[in-house]
Amino acid sequence: MSRIVDFEVKPFSVKQKYKDEWDNTTRLTTCDPHARKIVLGSERPQEGMVAMIMLRTLYRDISKYNQLETQEEAQEESGWKLVHGDVFRSPSNSDLLCVYVGTGVQFFGMILVTMIFAALGFLSPSNRGGLMTAMLLLWVLMGVCGGYSSVRLYKIFKGTEWKKIALRTAFMFPAIAFAIFFVLNILIWGQKSSGAVVFALVFLWFGILVPLVFLGGHFGYKKSVAEEPMKTNKIARQIPEHPWYMNSVFSILIAGILQFGAVFFELLFILTSTWLHQFYYIFGFLFIVFIILIVTCAEITIVLCYFQLCSEDYLWWWRLYLTLGSSTLYLFLYAAFYFFPKLDFW
Numbered sequence: 609m610s611r612i613v614d615f616e617v618k619p620f621s622v623k624q625k626y627k628d629e630w631d632n633t634t635r636l637t638t639c640d641p642h643a644r645k646i647v648l649g650s651e652r653p654q655e656g657m658v659a660m661i662m663l664r665t666l667y668r669d670i671s672k673y674n675q676l677e678t679q680e681e682a683q684e685e686s687g688w689k690l691v692h693g694d695v696f697r698s699p700s701n702s703d704l705l706c707v708y709v710g711t712g713v714q715f716f717g718m719i720l721v722t723m724i725f726a727a728l729g730f731l732s733p734s735n736r737g738g739l740m741t742a743m744l745l746l747w748v749l750m751g752v753c754g755g756y757s758s759v760r761l762y763k764i765f766k767g768t769e770w771k772k773i774a775l776r777t778a779f780m781f782p783a784i785a786f787a788i789f790f791v792l793n794i795l796i797w798g799q800k801s802s803g804a805v806v807f808a809l810v811f812l813w814f815g816i817l818v819p820l821v822f823l824g825g826h827f828g829y830k831k832s833v834a835e836e837p838m839k840t841n842k843i844a845r846q847i848p849e850h851p852w853y854m855n856s857v858f859s860i861l862i863a864g865i866l867q868f869g870a871v872f873f874e875l876l877f878i879l880t881s882t883w884l885h886q887f888y889y890i891f892g893f894l895f896i897v898f899i900i901l902i903v904t905c906a907e908i909t910i911v912l913c914y915f916q917l918c919s920e921d922y923l924w925w926w927r928l929y930l931t932l933g934s935s936t937l938y939l940f941l942y943a944a945f946y947f948f949p950k951l952d953f954w
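Position in the sequence shown (first residue = 1) + 608 = the numbering used here.
The set of hints was computed from the structure by calculation and includes no laboratory data. There may be inaccurate statements among the hints.
Listed below are the simulated DSS-like cross-link pairs for lysine-lysine, each with C-alpha atoms no more than 25 Å apart in a straight line [stated by the list, open to error]: (1) K831 - K772; (2) K771 - K830; (3) K689 - K830; (4) K771 - K689; (5) K766 - K689; (6) K830 - K772; (7) K763 - K839; (8) K766 - K831; (9) K830 - K766; (10) K772 - K689; (11) K831 - K763; (12) K766 - K839.
So the derived label-pair ranges between C-beta atoms look like this [said to hold, decoys possible]: (13) H850 - I784: 33 to 39 Å; (14) F811 - F887: 37 to 43 Å; (15) F887 - G693: 55 to 61 Å; (16) G815 - I910: 36 to 42 Å; (17) V721 - K771: 55 to 61 Å; (18) P851 - I724: 40 to 46 Å; (19) G892 - F786: 28 to 34 Å; (20) Y942 - F715: 18 to 24 Å.
All of these numbers come straight from a predicted model, not from anything done at the bench. Here a beta-carbon is modelled for each residue, glycine too, at the ideal position from N, C-alpha and C.
Could you put the whole structure together from the sequences, leaning on the hints where they help?
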């Protein structure tokens, strides 16, 4: 018959073990560095191609202007010079464009700060709901930037009713997102999941967002704007017919493909992690891809805007805005393609 002579109690930290388990999980979800180098290498030629097209086009046009033989030819306006009196003309539905731009600036600021915090390690999967809560609070705080941008652009268009623009910026897209988020949060809360956001934070969305948007709009309207270098003509110039490849729909769709190509591989990793119940934790690389996307969008937009002005088309405001946002169409289509065929949900 055995007897227990002595025993020893050792303290055990459950929290420490939980953290260690998350460290192991994040190490397992790290992709092959060689594969990521291939991804980066596939995106750099695209940026170089766009930059080369832009530089070659500008060099060709400048050389053409320098080779003018007579003074009459030098004084004769052609290409983008013909639209100098219409290029600063306010677009149609300028109020709506101001609201869209302000909302985009607000969303961009939220994504940028969230990625920086995540890349530095402040947002971890071990903190359930932390990422969603951080994005929600940053969206509210970025209301100042959104209101400032929308109202300042509205002032450039010679608008005077800035409070109307601030109100639309505060309620148009946030109201739609709030309704969707509120329903999803109720469903998550009903399942008693720890990933649900506290309802108090959800209601703070509107309680703080609206005043911050108006505060940013107030500063945006009070700040003076730069004067236009050219006086806008009273009579709008007639836009000539364009070849098929300069059609607005065609150029917007082509630009969206190039922009989507900059994030295609990383989007594949994100969708795989999401639908296969894994954890995406490589925010540092995601931030690099985000910067690549910004550079690609800027280069493509500059090239297309220059081509449009050279074709004597001065209606560039909405076209460039849609060009920048066209990649979201391909993102949605690819996400749907990944969800249904690859996951066998038919």
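Do the hints match the structure? See the list:
1. For the given pair, K831 sits about 18 Å from K772 by alpha-carbon distance, which is consistent with the 25 Å threshold.
2. Of the supplied pair hints, the one linking K771 and K830 holds, its CA atoms being roughly 12 Å apart against a limit of 25 Å.
3. A C-alpha spacing of about 33 Å is found between K689 and K830, which places the hinted pair above 25 Å, so the restraint is violated.
4. Between K771 and K689 the alpha-carbon distance is near 36 Å, which puts this suggested pair outside the 25 Å criterion.
5. With a CA separation close to 24 Å, the supplied pair K766 and K689 stays within the 25 Å bound.
6. Simply put, K830 and K772 have alpha-carbon atoms about 15 Å apart, close enough for the 25 Å limit, and the pair holds.
7. About 16 Å separates the Cα atoms of K763 and K839, which keeps this hinted pair within 25 Å; it holds.
8. Between K766 and K831, the direct Cα distance comes to roughly 13 Å. Compliance with the 25 Å bound is thereby established for this hinted pair.
9. A threshold of 25 Å between alpha carbons decides the hint, and for K830 with K766 the separation of about 13 Å falls inside it, so the pair holds.
10. For a cut-off of 25 Å, the pair hint linking K772 to K689 is broken: about 36 Å separates their Cα positions.
11. Between K831 and K763 the alpha-carbon distance is near 9 Å, which keeps this suggested pair within the 25 Å criterion.
12. At roughly 13 Å between alpha-carbon atoms, K766 and K839 fall within 25 Å of each other, so this suggested pair holds.
13. In this structure the supplied range 33 to 39 Å holds for H850 paired with I784, their Cβ-Cβ distance being about 35 Å.
14. Between F811 and F887, the C-beta spacing of about 30 Å breaks the proposed range 37 to 43 Å.
15. The hint said 55 to 61 Å for the Cβ distance between F887 and G693, and at roughly 56 Å that hint holds.
16. Separation of G815 from I910 is about 40 Å and conforms to the stated range, judged on CB atoms against 36 to 42 Å.
17. Checking the proposed 55 to 61 Å range against V721 and K771 shows it is violated: the Cβ atoms sit about 27 Å from each other.
18. Range check, P851 to I724: Cβ separation about 43 Å, and the 40 to 46 Å hint holds.
19. Between G892 and F786 the CB atoms are about 31 Å apart, so this pair conforms to the stated range of 28 to 34 Å.
20. For Y942 and F715, the Cβ-Cβ distance of about 20 Å falls inside the hinted range of 18 to 24 Å, so the restraint holds.
Violation of the numbered hints given earlier is confined to hints 3, 4, 10, 14, 17; the remaining hints are satisfied by the structure.
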